[in-house]
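Heads up: the protein sequence lines correspond to chains R, F and A, in order.
Just so you know, we're using our numbering here: the first sequence kicks off at 33 and counts up by one.
Just so you know, we're using our numbering here: the second sequence kicks off at 1391 and counts up by one.
Just so you know, we're using our numbering here: the third sequence kicks off at 162 and counts up by one.
Hints in this document: simulated from the structure, not taken from any laboratory.
It is possible that some hints are incorrect.
What the hints assert, rightly or not - In silico DSS-like pairs for lysine-lysine, Cα to Cα no more than 30 Å straight-line: (1) A/K299 with F/K1471; (2) F/K1507 with R/K144; (3) A/K299 with A/K324; (4) R/K167 with F/K1507; (5) R/K144 with A/K299; (6) F/K1537 with A/K215; (7) F/K1471 with A/K306; (8) A/K306 with R/K124; (9) F/K1440 with R/K167; (10) A/K411 with R/K124.
Read off the chains here:
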Amino acid sequence: MTTPTDNELVIKESPYWPAILLVSSGLLLVFCIWANRMGTNDQCLKLLGVIATLGIFSILYQENPVFRYLEHIFIGLATGWSVAFTWFQLIKPKWYDPFVPAYWNSANTSDKHGQWWLIFALLLGLLFFTVYFQKISWMNRFAISVLMGWAAGNAFQQFMGMLAPQIVASFRPPVTTYEVQGLPNGDNYHAWNIWLHPWTLIALIVLVCTFAYFFFSLEHKHNWVRQPAKAGRYLLMITLGIIFGTTVMSRFTLLIGRLEYLRMAFIDWGHMFTFWISHLMR
Amino acid sequence: MYIQYILNTIRGLFFSPIEETWPFITVVAASIILFVGVLWLLHQLPPVGKKWLTIVCTFLAGLFFVFEYFWPTHTLEDGSKGNWVTPMQEPVSNYVTDVVIWMIFLGVISLTYVHGKRLLVRQPGWHNSLAFFLAFIGMTVVSFGSKMGDIDSGLGGTMTVAYNSLYSGLLVNLDSAMFALLAFYIASASYRAFRVRTVEAVLLMISALVIMLGLVSFGVALTSFIPAGSHFAFFRLEQLSTWLMQYINMPAQRAVTIGVMVGSLAMAMRLWLSLERGAFFSQEG
Amino acid sequence: MSWQALQNIDRRWIYLMLGVVFIISLMLGKPQTGVVLPTVSNLYQAVENVPTDKIIFINTTFAPNTLAESGNQARAIIRHVALNHHKFAIMAVDQQGANLGKLIAQDVAEEYNLKYGEDWISFGYQLPVLAFYKSFPKDIPGTVKQDAVESKPATAENFPIMKNLKTANDIGLMVEVSASSSLFDWIQIVQPTTSPRLKLGYACTGIMASEAYPYLDSGQLVGMMPGLKGAADYEQLVDEKEKLLVGEGKLLHPYAESQTIQKLIVSPARKLMFTQSNAHVVVILLIIIGNIGFLVTRYRAKKKQQEAAE
Chain R
33 MTTPTDNELV
43 IKESPYWPAI
53 LLVSSGLLLV
63 FCIWANRMGT
73 NDQCLKLLGV
83 IATLGIFSIL
93 YQENPVFRYL
103 EHIFIGLATG
113 WSVAFTWFQL
123 IKPKWYDPFV
133 PAYWNSANTS
143 DKHGQWWLIF
153 ALLLGLLFFT
163 VYFQKISWMN
173 RFAISVLMGW
183 AAGNAFQQFM
193 GMLAPQIVAS
203 FRPPVTTYEV
213 QGLPNGDNYH
223 AWNIWLHPWT
233 LIALIVLVCT
243 FAYFFFSLEH
253 KHNWVRQPAK
263 AGRYLLMITL
273 GIIFGTTVMS
283 RFTLLIGRLE
293 YLRMAFIDWG
303 HMFTFWISHL
313 MR
Chain F
1391 MYIQYILNTI
1401 RGLFFSPIEE
1411 TWPFITVVAA
1421 SIILFVGVLW
1431 LLHQLPPVGK
1441 KWLTIVCTFL
1451 AGLFFVFEYF
1461 WPTHTLEDGS
1471 KGNWVTPMQE
1481 PVSNYVTDVV
1491 IWMIFLGVIS
1501 LTYVHGKRLL
1511 VRQPGWHNSL
1521 AFFLAFIGMT
1531 VVSFGSKMGD
1541 IDSGLGGTMT
1551 VAYNSLYSGL
1561 LVNLDSAMFA
1571 LLAFYIASAS
1581 YRAFRVRTVE
1591 AVLLMISALV
1601 IMLGLVSFGV
1611 ALTSFIPAGS
1621 HFAFFRLEQL
1631 STWLMQYINM
1641 PAQRAVTIGV
1651 MVGSLAMAMR
1661 LWLSLERGAF
1671 FSQEG
Chain A
162 MSWQALQNID
172 RRWIYLMLGV
182 VFIISLMLGK
192 PQTGVVLPTV
202 SNLYQAVENV
212 PTDKIIFINT
222 TFAPNTLAES
232 GNQARAIIRH
242 VALNHHKFAI
252 MAVDQQGANL
262 GKLIAQDVAE
272 EYNLKYGEDW
282 ISFGYQLPVL
292 AFYKSFPKDI
302 PGTVKQDAVE
312 SKPATAENFP
322 IMKNLKTAND
332 IGLMVEVSAS
342 SSLFDWIQIV
352 QPTTSPRLKL
362 GYACTGIMAS
372 EAYPYLDSGQ
382 LVGMMPGLKG
392 AADYEQLVDE
402 KEKLLVGEGK
412 LLHPYAESQT
422 IQKLIVSPAR
432 KLMFTQSNAH
442 VVVILLIIIG
452 NIGFLVTRYR
462 AKKKQQEAAE
């Protein structure tokens, strides 16, 4: 099998594709909803899932209309779900219920009603939409920079919480001393011993070399900066290899999950098929 | 103590809920008119004035958390450590959340514009844009519909079933399948791109191979001939991969994390003090 | 096939090869027994060392696309907690994760006869805003407000488990089962405000694992379960403990023989590791083949250049 050339990859789409895709997907969805209402115990959900998965996997062979269609459906579903999620989890409990008086919102059983000052939250939020109007778009920039200023102030608080333990943990001595007193035979023996922790020393060297590599305030002219920076570069390559290895593991697990879902769906249908065949043959 | 008294007075005067309908509508309408009026006045400012307004408000917004962090602390009523600003953190961050939750609709507007244009002009692939709109409207309607009415019978029941079909049947599976494609792409990309051209590439490949083998049973079996308790046990793949993670990866990641945190703090300072020159400050409204 | 062609195998053959290996491995897969990672042992010990009067929080912040990793991690932790007779709470800053965590906990609770409200509780989805992280350590019932199963206020009158759950000091361990960077909010915002420091465990996807090692070293994390390997190792430790309990007559049968296994939303991690192992071998072979082709081609080109120069 030769790699298709760019010309071959341009699929001459049949003019009937739009109708085929729209009508078939609509019929399938209506059938699944009807079948689920009749109680098919999630078999139709599995059918939709298998079709969706195989349709997405079809891109692995070649660019095709089915994949593009499913991709757009995915974006539409995700956007619709996000809107509903935002309303039910964010806007309604945090703004609508506290804002609207109890008379208008009897379903709200919490003690928060009529917080009129929340209107300013809506009005300030609407400033973000001024980006679409050239004359007043400065208000959008104003709103975003105030938001960024607020987040930047937050960074001060989080900085020490995150970083202080890391800096403290870096100061681990590679050489320690320990005291020996007495021996099992009871002699009054006392000495100081030095213990070298080779792995801690290596970790310290890696830390210093990696810092040296990223330290751009000093020119890498002298050997005492250049050599550690060079070593840091190689050590970072090892780290990138480690990150690559764990990334491969993670990505493969995503595929394993999906293929396992397909396998279980087909096994389930296989069992159903053999059950119905044996039932019919009686 | 005096600051607390002033705050309580302001809270009592201005931040009292209004339950009665007409006073509520009046206050809300007055607030809208006041807000629009203030915006109109600010809009009359020259560009330099708008720029300084942005800089001052950005500074004040950031000052809140900086103030809370650096102001001396004492033991509060609930036994925790804090100062007079600390009790305000929760309501202020709740309020900021109330401001930013509306931004989701910016994305919706952008998507609607892009796909709507394609649909109206009948560009190639218009049926995909139609599918987007049908999916978006359908999902929104059934999400709202499934939360209203009886979920077991009638329209509410149908909406719930439709929601399950669209969410569990389609959305979840499409999402998972999109991510699963990455496995194929990473295998193909590593086959094509991993070439031992330089010393760095060799180091990268060796460490990747050690980690990939050390995490799975095949790799453990490869070096199982080395006795576990011996001096050479270090060279067993699972031990070598653990050592690489703990003594090479860990300090390097720590150095990167510290560097990133210091860099982000510096960037935060620049944003807070409006020293950053970009679209928000150089363009005049 | 020339040496040059070894470098240019059509990507679709690679996809096909990978797909076939995956499917055959999934069909033939058996539970694997491997060498347990030290970070997983540390997490296991941390759960064992939690006092019985403290509650363990399991934050299931993941989506269905990482169910194979995160679902197995969550199930392994919940099984361990249940075997130790610890009380636990499920919570998430992701809505899908909140639902999945609840389903997994309900399966395990049914198997080990755990009573909702007494032995475990689910607080469902919590909005991951600054106000939540600030108020959670000081007042847990006031922050979570209600449970996710019965939708009742989270008070001691409604749920006996809430009697001893007021502040972060009542939490013996919090395990974040996450496919995102939600752990760093707990480390940055919550941990510094707690005294003694809140013990955090991490069950992450493989990608996040290498990033988390500095926090393990500094003591901000007590243990970690990286990816499917971590889930399989933890499952192995829990299965060994379960075997002991079955042998002592304290448990009727292993989880693998339970009725709830029929409703499993994901196959056990130990079984899926067989597929993972084969997949890694395939990728390594592909890399080696590609490099053999590259090196031989480069050597021959150099040789030709030298001959031409002579």
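To see whether the hints hold, each was checked on the structure:
For the hint linking A/K299 to F/K1471, the alpha-carbon distance of about 11 Å falls within 30 Å, and the restraint holds. For a cut-off of 30 Å, the pair hint linking F/K1507 to R/K144 is broken: about 43 Å separates their Cα positions. For the given pair, A/K299 sits about 15 Å from A/K324 by alpha-carbon distance, which is consistent with the 30 Å threshold. As the CA atoms of R/K167 and F/K1507 are separated by approximately 23 Å, the hinted pair is consistent with the 30 Å bound.
In summary, the hint linking R/K144 to A/K299 is supported, as the alpha carbons are separated by about 22 Å, within the 30 Å threshold. Note on F/K1537 and A/K215: the hinted pairing is violated, with a Cα-Cα distance of about 36 Å set against a maximum of 30 Å. Between F/K1471 and A/K306 the CA atoms are separated by roughly 24 Å; this keeps the pair inside 30 Å, and the hint holds. For the suggested pair A/K306 and R/K124, the alpha carbons sit about 16 Å apart, so the restraint of at most 30 Å is met.
The straight-line distance between the Cα atoms of F/K1440 and R/K167 is roughly 13 Å, inside the 30 Å bound, and the hint therefore holds. Taken as a hint, the A/K411 and R/K124 pair is broken in the structure, with Cα atoms around 48 Å apart against an allowance of 30 Å.
The structure does not agree with the numbered hints 2, 6, 10 stated previously, though it agrees with the rest.
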